[in-house]
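Chemist: Sequence:
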Amino acid sequence: MTWIDTVDEDDASGVLLDLYQAMRDPESGRVDNILKAHSLHPEGLKAHFAVYRAAMQSTRGLSKAEREMVALVVSKRNGCHY
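In our numbering, the protein residues as written are 237 to 318.
Everything labelled a hint here was simulated from the structure, so no lab data went into it.
Every residue, glycine too, gets a C-beta built ideally from N, C-alpha and C.
Be aware that one or more of the hints could be misleading.
To be verified - Across the chosen pairs, the derived CB separations fall in these ranges: (1) M305 to R260: 13 to 23 Å; (2) L276 to R296: 26 to 36 Å; (3) G250 to K312: 17 to 27 Å; (4) G250 to V310: 11 to 21 Å; (5) G280 to K300: 17 to 27 Å; (6) E302 to N269: 11 to 21 Å; (7) M305 to R266: 27 to 37 Å.
Please model the entire structure based on the sequences and the hints provided.
Modeler: Put into structure tokens, the structure is as follows:
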């Protein structure tokens, strides 16, 4: 979970609710926390999701778990703590 204030899926309304519905993970039915970190700024969330979707869905030969593992290794290598 992020330490950044976020809007929970159950509390979302308006534009944010529409974005959350479009961003639900098909496997879990939830919105990924990395996306929720932008929930206080829906336009930023929309932009982040475009980049996130391109990175996470464009490598069809990898599962979501494999993509997440690659992201973890790259983040670790770059000294990112998230």
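Chemist: Each of the hints needs a verdict: does it hold here or not?
Modeler: Against the structure, the hints come out as follows:
no. : hint                     : result
1   : M305 to R260: 13 to 23 Å : 22 Å, holds
2   : L276 to R296: 26 to 36 Å : 33 Å, holds
3   : G250 to K312: 17 to 27 Å : 37 Å, violated
4   : G250 to V310: 11 to 21 Å : 34 Å, violated
5   : G280 to K300: 17 to 27 Å : 23 Å, holds
6   : E302 to N269: 11 to 21 Å : 19 Å, holds
7   : M305 to R266: 27 to 37 Å : 19 Å, violated
This entry does not satisfy hints 3, 4 and 7, going by the numbered hints stated previously.
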